[in-house]
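**Q** Sequence:
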Amino acid sequence: MFILFIPVFGVQIWSCFDPEECLLWGKWWMYKEEPEKSEGAIRYTKMMCMIVLTVIFAFGLF
Numbered sequence: 011m012f013i014l015f016i017p018v019f020g021v022q023i024w025s026c027f028d029p030e031e032c033l034l035w036g037k038w039w040m041y042k043e044e045p046e047k048s049e050g051a052i053r054y055t056k057m058m059c060m061i062v063l064t065v066i067f068a069f070g071l072f
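Positions 11 to 72 (my numbering) are the ones given, in order, by the sequence shown.
I should point out that these hints are in silico values taken from the structure, not numbers from a laboratory.
Computed from a prediction, not measured in an experiment: that's the story for all the values here.
Treat each hint with caution, since some may be false.
[Claimed, not checked] Straight-line distance between alpha carbons at most 30 Å, and here's what the computed DSS-like set of lysine-lysine pairs gives: (1) K56 <-> K37; (2) K42 <-> K56; (3) K47 <-> K37.
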């Protein structure tokens, strides 16, 4: 189970350290120019990253 969480864990760490890039992951082809990211969207991404990492650690301990 832990081995299956390794890619998810890596993506979550990446989204904590670089939320601006993470917001466009998989959607960059839809825009001709780089869109502006709102401060709320960046905060939301960081918050969700922290929540998901906490859940991953919780499942990892049990």
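**Q** A separate judgement is required for each hint: does it hold in the structure or not?
**A** Right, here's what the structure says about each hint:
1. For a cut-off of 30 Å, the pair hint linking K56 to K37 stands: about 19 Å separates their Cα positions.
2. Of the supplied pair hints, the one linking K42 and K56 holds, its CA atoms being roughly 26 Å apart against a limit of 30 Å.
3. At most 30 Å may separate the alpha-carbon atoms for a hinted pair to count; K47 and K37 meet this at roughly 13 Å.
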